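So the protein sequences, as listed, match chains A and B.
Each residue of the first sequence is one higher than the one before, counting from 22 in the numbering used here.
Each residue of the second sequence is one higher than the one before, counting from 6 in the numbering used here.
Hints in this document: simulated from the structure, not taken from any laboratory.
Some hints here could point you the wrong way.
Said to hold, decoys possible - Derived CB-CB ranges, DEER-like: (1) Glu50(A) to Asp451(B): 37 to 47 Å; (2) Ala117(A) to His475(B): 47 to 57 Å; (3) Pro426(B) to Pro109(A): 25 to 35 Å; (4) Gly54(B) to Gly29(A): 40 to 50 Å; (5) Ser84(A) to Glu96(B): 48 to 58 Å; (6) Asn422(B) to Phe195(A): 50 to 60 Å; (7) Gly428(B) to Pro109(A): 28 to 38 Å; (8) Ala77(A) to Glu100(B): 37 to 47 Å; (9) Ala31(A) to Glu100(B): 45 to 55 Å; (10) Asp286(A) to Asp451(B): 57 to 67 Å; (11) Pro417(B) to Cys67(A): 23 to 33 Å; (12) Ala77(A) to Asp142(B): 55 to 65 Å.
For clarity, every value in this text was computed on a predicted model and none was experimentally measured.
Just so it is clear, CB atoms sit at the ideal spot from N, CA and C, and this is done for glycine as well.
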Amino acid sequence: MRNWTLKGIAAGKATTDWPYPDDLDNGQERMRGFPKFDPSRCETSCQACIDICPTAALSTNRSEDIASNVQLDFGKCINCQICIETCPTDALQNSADFMFAAKNRNDLIRSQQPVTEAADRLRSKIEKHFKGSLHVRHIDAGSCNGCESELAATTNPYYNLHRLGIFFTPSPRFADVLLVTGTVVPQMIGPLQRTYQAMPNPKFVIAGGTCSISGAPFDFGYAAGNGADPFLPVDVYLPGCPPSPASFIFALLLLTERVEQKLKDGNYE
Amino acid sequence: MEPLTRQVTEPDQLIELASTINNTGGRFIMAYLRYSENIPEVVYLVDQGSNLAFTELVLRNHTRLPSLSEVAPLLNWYEREIMDLSEIEFEGNPEPFPLVLLEGMSLSIGPFNPSQTQVPELFGTPTQPKLPEVIEDQVQDLFWGPVRGDILESGEFHFAYIGEQILHYTPRLFYKHRGIESGLTGSSLTKGLVLAERVSGVGSVSHAVAYCAAIENAFQLEIPTRAQLIRIILSELERIYNNFHFFANLCKTTTLKVGEAFGALLEEEAKQINCKITGNRLLRNVLAVGGLRRDLAVEELSTLLPPLRRKAEDYLEALSDTQSHLDRLIGTGILSQNLAFEFGATGPVASASAIARDLRVNHPYSGYQNIQIDVTTRSSGDALARAEVRKSALFNAFTIIEQALSLIQPGPTKLDNIPVPPGTVDGLGWSEGPRGSCFYAIRIRDGLLERVKIKSASFSNWKVFPLTVHSTNMMDYAINEASFGLTIAGADR
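Same shape as in the complex, but just chain A (with noise of 0.2 Å):
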């Protein structure tokens, strides 16, 4: 009969301080996330990368001069990489960047023009005590159960969640912050609104996922889904297909201003 306390303790410490300091390792080395973008090595008339998005989250709205003004929606972006791989003339490069979480959906497009709002309405409402302590309750909204595994993944030993002060709680009346995964099908759509409701004031809500935020890969035939911001108010945008723990973490520790947003007007910074 194994004594499993002992066991754990002999073990030592698997987890990892990551982001405090932000350089440490946190999980995902080698890994292959959102496209970089120069828009400045477009050729004149090309546009591959428009031609080849399965989710259009490459885009422009001109008919002529396409190339300067090609649009990339990273909230509809799923990483899945066909962009680089097709750019004749690698204006859109490969990206270890992960740290993608942002308050305003405008930040998640990078255009020629900038289309940011000036409104941050996150600011004022988070109170001091959040930081120190958060409770998230997850919600699939018709997702493909990456999100899930990810999610899950970010209270093993290695990410540790719980040494954030952040924890997840199984009952809607006890959160302060609704994390919405999957595209949002027409089914989930009564079960989404309800659990919100069921939710105390001051409550926040992260859209985790590139499908919950703009329904893609999801936003097509008789069950297609918008993401969740048609139905609630969402105070955090979390790209990536799946995002990583690490991005998941990056996600909640914005929403409590614990860390500085890296995304702007679609640049990362």
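Since the structure of chain A is already known, use the hints to place chain B on it.
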């Protein structure tokens, strides 16, 4: 080997034919609806036996068919799905109520009918489901879901129970039904692959392998050996991290907290290895029709995996030496061999009930014929048997990767210039994932997807699972569910 043969038949011969198939070592896999030149066809996919071509049994242009639920109960859900999504009826189906579309929801038109010019729309909100009437004193009804505790997928479960005793259990899935099959109609093959990898996130590789194989079979392509071996390696990496997850979850339900933490940490280490090799923790974005999108330095696994394997051995040895854990698994959720076969159990669930079936052995694909695979079976059919089968599959996955690494040579990993055959071509592809068999039946017209039928492992095993819950205890339920290792996204699509 020809992957697929076709036999056209008529409704009045169907039941007799089905009985003959069952009595001669054949087995139904799935049934689905497709249209050929605006004519509806109900297609039954039959496994004739090891190393024999799969057979399509086709019924053309009938709107009323006899139900095969009596002869092959596993077809019950497929019939209900076809009834939900079209005008076709199966006479004698014992449960003729909605499955894929929840009660209270309806479609404007059948989504697969190409003669329709409208876009199908989904109306309504879910209402109370139809449930069997339980006549007994003091029976209580418990509806659990679709939002449950923890980080779980959405699904609703109904228990009719007295005290601790569950009298009847009904899982109501398809809250996550995304209509992927119908949405793929008209999509490019590239987009289809992106979606196939996202049907079930923790089964990304098995779905992608089956999807690519279906198209490669349709186009009659033979992919390079190195690409085949890397596909094998990726499939086994998926098996490794999923099985660590399985044991962590099983420990969670038996409240062995430290055991859960060890399992979760091993899963994390496996995912980090996935990331180092492919750039993606769920092994996405690597496969392509005709091979791989890029070559991978899989040789590195020969140094990355042995330490993980040693930790796995230590972990699972400790688990099998923990009486409090094992006591909860022994005799929990027993599934007989007979029921497992008739209701279509697959993967570790089938193996634990003495059914030795594994597509890697019975219908080798992607070069698995050159690999020694050990299919462990148990006859007790309980949670312990399922855990033991998983344990053996986990260690076998390490061994398979070693074999593949000893065979692998530098070389091309993708076919150049894949010619797209004009007109309509059909292809069937399959894979054996961590949870069991995955099938893709694909019809392509002029290089675009016309019909994609997806059969995931969990769709099969969810059909079986309730049989092991009726007449058991509430406190064993979570352990039993964990021992099945089901996903909802794969079943719901």
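> What are the numbers of the hints the structure violates, in ascending order?
Replying inline: Number 10 - this is the single hint that the structure violates.
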